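**Student:** Guided by the hints, dock chain E onto chain P, whose structure is given.
Okay, here's what each chain looks like letter by letter:
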Amino acid sequence: MYRLLLLLLPPQRRAMYGAEMTQVFGAVLAQARREGGWVGVLTATAKEAFGIIRFALRERFGRGARMPGPSPLGPELLWAWRGIRARGWTAAFTIGLLALAVAANGIVFSVADALVFNTVPYPGADRITTFVDAARPNGPTSISKAAFKELAEQSDALKYLAAYNGTAIFLTGEGAAERVTALNVTPQLMAVLGVRPEWGRSLSPSDILPTDSDAVLVSAALATTRFGHPAAAVGRTLETTDLPLRIIGVMPADFRFPGGREQIWRGFDLEGPLAKNVFATTALGRLRDDLTFQATVARLATSGGPIPRPFEGRRSDPTRYWALLGAAACLLLTACANAASVELAMAVGRSRTYAIQRSLGASKWLLARVSLIEGALIVGAAALVGTGVASLALQLLASALPDLYRTIPVNPIDLDYRVIAFMVVVSVFVWVVTTIPVILFASAVPLVDVLKRASHSQAGSAKGTWTRHILTVTQMALATMLLVGSLLFTRTYLSRINIEKGFDSTNLAEVSLTIPPQLFDQRPVVMTDLLGRLKALPGVEAIMPTVPPQSANVPSRSDSLEIDGVALATPKLLLSTKTVPWNYHDVLRIPLRSGRPFTIGEPPAHVIISEHFAKKFWPDGAIGHTFRESPADRALQVIGVAAHVRTIDDGRTGLEGDRFLYYVPEQPPRPRPSQAGITRRTETRGSSVTGYLSLTIRVDSPDRLNDVLDVAKSSAPKFQASVALVDHEYAKWEADTLVQTQVISSFGVLAFMMAIAGVYGVMAFLVASRRRELGVRIALGASHGDVVSLVLGSATRLALVGAGLGLIGAFVGARYVESQLSGVSPTDPLTYVTVSIVVIAGATLATWWPARQAARVDPAITLRAE
Amino acid sequence: MTPQVFQILLSLADGPLHGYAVIAEIRERTGGEMRLTASTLYDALARLVDQKLIEQAPAVPDAAPGDARRRYYQLTAAGRTAAEQESARLARLLQMAREKRFLA
Chain P
1 MYRLLLLLLP PQRRAMYGAE MTQVFGAVLA QARREGGWVG VLTATAKEAF
51 GIIRFALRER FGRGARMPGP SPLGPELLWA WRGIRARGWT AAFTIGLLAL
101 AVAANGIVFS VADALVFNTV PYPGADRITT FVDAARPNGP TSISKAAFKE
151 LAEQSDALKY LAAYNGTAIF LTGEGAAERV TALNVTPQLM AVLGVRPEWG
201 RSLSPSDILP TDSDAVLVSA ALATTRFGHP AAAVGRTLET TDLPLRIIGV
251 MPADFRFPGG REQIWRGFDL EGPLAKNVFA TTALGRLRDD LTFQATVARL
301 ATSGGPIPRP FEGRRSDPTR YWALLGAAAC LLLTACANAA SVELAMAVGR
351 SRTYAIQRSL GASKWLLARV SLIEGALIVG AAALVGTGVA SLALQLLASA
401 LPDLYRTIPV NPIDLDYRVI AFMVVVSVFV WVVTTIPVIL FASAVPLVDV
451 LKRASHSQAG SAKGTWTRHI LTVTQMALAT MLLVGSLLFT RTYLSRINIE
501 KGFDSTNLAE VSLTIPPQLF DQRPVVMTDL LGRLKALPGV EAIMPTVPPQ
551 SANVPSRSDS LEIDGVALAT PKLLLSTKTV PWNYHDVLRI PLRSGRPFTI
601 GEPPAHVIIS EHFAKKFWPD GAIGHTFRES PADRALQVIG VAAHVRTIDD
651 GRTGLEGDRF LYYVPEQPPR PRPSQAGITR RTETRGSSVT GYLSLTIRVD
701 SPDRLNDVLD VAKSSAPKFQ ASVALVDHEY AKWEADTLVQ TQVISSFGVL
751 AFMMAIAGVY GVMAFLVASR RRELGVRIAL GASHGDVVSL VLGSATRLAL
801 VGAGLGLIGA FVGARYVESQ LSGVSPTDPL TYVTVSIVVI AGATLATWWP
851 ARQAARVDPA ITLRAE
Chain E
1 MTPQVFQILL SLADGPLHGY AVIAEIRERT GGEMRLTAST LYDALARLVD
51 QKLIEQAPAV PDAAPGDARR RYYQLTAAGR TAAEQESARL ARLLQMAREK
101 RFLA
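Protein sequences appear in the order of chains P and E.
Residue 129 in my numbering sits at position 129 of the first sequence; the count goes up by one each step and never skips.
Residue 41 in my numbering sits at position 41 of the second sequence; the count goes up by one each step and never skips.
It should be emphasised that the hints constitute simulated quantities derived from the structure, not laboratory data.
One or more hints might be untrue.
Unchecked claim - Part of the chain P face toward chain E, derived, beta carbon under 10 Å: (1) 11; (2) 13; (3) 16; (4) 17; (5) 20; (6) 23; (7) 24; (8) 25; (9) 28; (10) 31; (11) 47; (12) 50; (13) 54; (14) 55; (15) 59; (16) 841.
What the hints assert, rightly or not - With a straight-line Cα cutoff of 30 Å, these simulated DSS-like cross-link-like pairs (lysine-lysine) come out: (17) P:159 / P:276; (18) P:276 / P:578; (19) P:732 / P:535; (20) P:149 / P:276; (21) E:52 / P:47; (22) P:364 / E:100.
Only a predicted model underlies this, so the values are computations on that prediction, with no experimental measurement involved.
Just so you know, even glycine gets a beta-carbon here, dropped at the ideal spot from N, CA and C.
Looking at chain P on its own, in the form it has when it is part of the complex (with noise of 0.2 Å):
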């Protein structure tokens, strides 16, 4: 980039300095860096680029001027601001133009700045470390119970280690009944990321022993709700449905981990009470101060436990962040190229006035000059509506986020000074990009030959006609790369929505209720009536006191697992167990492989399992056949085997969803009355006591939720109901796709009408430069149909170079991304081909107009005039 610049400087200049400024340059962006970080290097890198103009500027047009200081330029900015006015639309258009390329690429930025390039703000985040499991190097970043203990073991290999659960905690007692997000974690998880609570202190092993109640650190959010100051929380208890928390510590107000939404830590100990149905935990490290990452993986290989990975605290595929950068440059360039285009368009038309101008006096420096704060008022202008525009898209943009980040540490996505700095650097770049054309042309006006042609040959020099010829070229292929983007994504995005679940998800929702804890008696009750008056409600086919099967069950390890009445020899398989109402397969429509549906009143032994189970046991059929988990259990019989049934995080989570999976007729006579149709569905992942009350009940019509919703509110106003669309739940695990979807698509879109419009402007301005050439043909016999064809050539030439550049751009960077593609090639034919038509298609459009006006030049006319 550095170098880029020095080409303006003149040639014997950059052979003297060239070098030598390189050199001074990177000392003193180093400089920049050690004392202002970010802002630092940013605000040098401008400076230095002013500087250069400067300094080119002088040396190419102010022989003998004077040293460097500053100059008033007061006539100047008046006569840039006329010839601005002078404008009109276009100058509006122009900054619109570059005002929306320049807050495309600042939301683009700040997003990937808070989720990616601006790692979690803990001390020595590189060395901290956690752990996969040793037999899946690939899968996720959770390890069991015994190899966490293994871990434990070896001691001397890392500093701290911790081990941290994802739980739900009920508060009642001060204050609204509430249910937070919080985290059991071991006592050394604060040292482990070098955090240490702002009041009070952090866990010590000795909180975690059995007493009466939990020590936890809350954040300070939830502090000052409960208690008015985080001072004022430390040492006082919450109560909850489970055991009362005792706060000893209050963490900073900018503290998150693992996202931003947990407010209490609690200590736990993964052998205690708390972790009774844990089965797998995150492991956190940190190194020792005296091993490398390498040499703590060296140490911890020799016993094959779980290997370290790096921790990264953000999302582990940064491609989607470069895949979207990447647009929001190509539609910043397409956006420049379009600006440069019309500036030199405008410079050209101009070129009469540049050369009377320079007859009255007026040197080439000064006409320069003002041409640079033009564009400087211009790429002003646009930087302000740009960082507006920004401004409001980020804050939209940031209620949207929580429901979709909410498994990382979000950092705040805001425009905070480094998404400023790289914004006034964009504008920068604008400013140079878009001016500098302008600036060459208007020096290089030949003085005498303007002033000798005539009137309707001023259109310009053979250079400014090449010059936009690139220009729209590049447009074209920017637009084309974008456009193949936006239609690799959109495939993508529609195979991953319309995947096949494994049951029919049409019009099926989950209705729930939030139980508050003192109306955890009236459950049943709730439920009864709830489910009669649903029943009741027109358009309602079928209903169920269950939830839905979006997510799948934390499996357990069956570890003497019995098929047929035989102990298997390798008996270990994760197995997950489903209790489920009789109609269950009825209601979501599980296509059943073979076998029959469960009846009412099916005895408790009888089970239906899932395809997987069956083929991997009884790839004969498995109808009939028994199996038991441990001898301990009763014998199950098999009465069906029913679809796999694909889960949210089916894929995701390396569970490998339901997989081994069995159903469980619900038994009418309960045990427990409140029991009935209760899914309490945080207690199998280790928390304390939260209530749901679930049911799935399938519509007509989504219309119809409405009423649902109407109806169970009314039947329990005291508890926080919801409705929601199975399919929208499942959409929901592909809103970040479905955003960087729509983010590309609309570049895509946005580049691909600078560049008609780009491919418009160059036609009409040669048609209008032709007029003359153009009537001497019609003169000599040159028909209507040969004067289009000869138009349209020109433009379709320019269409092919630009889109054939483009599809090879595309095809380039489309490896980049292949891993972000699903359900498409990233070199399908298909979209290679849509896309190259869509291209010429719309430039043989733009070029329509222009050429018709061609075809009706009257060459009397335009002779006469000459």
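**Tutor:** Below, chain E without anything else, positioned relative to chain P:
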């Protein structure tokens, strides 16, 4: 003479310096008040060389290793005179400011 140019001449008063050393010397001496960028420096250096106020120094005997690519600059006699004249002008200016009690 602009403040930047005067500062560059001042920084070369004690002997030859290379480009970055000029920037660093000025930054240090002015307590960070004046920070030249590479382009401002070379813009000024190029002109000072053209006006024969400074010149490229012959090889510097105690140059650090890796300095081979660096070019050192030193004051010419004309440069020294120009700096002295500018200093005298500034001194007269200061004297006037004192007389009018703008300065203690």
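**Student:** Each hint: holds or not?
**Tutor:** Hints, verified against the model:
A least Cβ separation of about 14 Å between residue 11 of chain P and chain E goes past the 10 Å threshold, and the interface hint is therefore violated. Among the interface hints, the one on residue 13 of chain P holds; its C-beta lies about 6 Å from the nearest C-beta in chain E, closer than the 10 Å criterion. With a cut of 10 Å, the hint placing residue 16 of chain P at the interface with chain E holds, because the nearest CB-to-CB distance is about 7 Å. With a least beta-carbon distance of about 5 Å to chain E, the hint placing residue 17 of chain P at the interface is held under the 10 Å criterion.
With its C-beta approaching chain E no nearer than about 5 Å, residue 20 of chain P sits inside the 10 Å limit, and its interface hint holds. Interface hint at residue 23 of chain P: satisfied, since its Cβ lies 7 Å from the closest Cβ of chain E, which is below the 10 Å cut-off. With its C-beta approaching chain E no nearer than about 4 Å, residue 24 of chain P sits inside the 10 Å limit, and its interface hint holds. Interface restraint check for residue 25 of chain P: the shortest CB-CB distance to chain E comes to about 4 Å, inside 10 Å, so the restraint holds.
Interface hint at residue 28 of chain P: satisfied, since its Cβ lies 6 Å from the closest Cβ of chain E, which is below the 10 Å cut-off. Taking 10 Å as the C-beta contact cut-off toward chain E, the hint placing residue 31 of chain P at the interface holds, the least distance being around 8 Å. With a least beta-carbon distance of about 5 Å to chain E, the hint placing residue 47 of chain P at the interface is held under the 10 Å criterion. For residue 50 of chain P, the shortest C-beta to C-beta distance to chain E is roughly 8 Å, which falls under 10 Å, so the interface hint holds.
For residue 54 of chain P, the suggested interface contact is upheld, since its CB lies about 7 Å from the closest CB of chain E, less than 10 Å. Checking residue 55 of chain P against chain E by beta carbon gives a least distance of about 4 Å; that is within 10 Å, so the hint holds. This hint holds: residue 59 of chain P has a C-beta 8 Å from the nearest C-beta of chain E, less than the 10 Å allowed. Nearest Cβ of chain E to the Cβ of residue 841 of chain P: about 47 Å, over the 10 Å cut. The hint is violated.
A distance of roughly 27 Å separates the Cα atoms of residue 159 of chain P and residue 276 of chain P; the hinted pair therefore holds under the 30 Å criterion. For a cut-off of 30 Å, the pair hint linking residue 276 of chain P to residue 578 of chain P stands: about 19 Å separates their Cα positions. At most 30 Å may separate the alpha-carbon atoms for a hinted pair to count; residue 732 of chain P and residue 535 of chain P meet this at roughly 28 Å. Taking the CA atoms of residue 149 of chain P and residue 276 of chain P, the gap is near 15 Å; set against the 30 Å cutoff, the hint holds.
With a CA separation close to 28 Å, the supplied pair residue 52 of chain E and residue 47 of chain P stays within the 30 Å bound. Distance check on the hinted pair: residue 364 of chain P and residue 100 of chain E sit about 44 Å apart at the alpha-carbon level, beyond 30 Å; violated.
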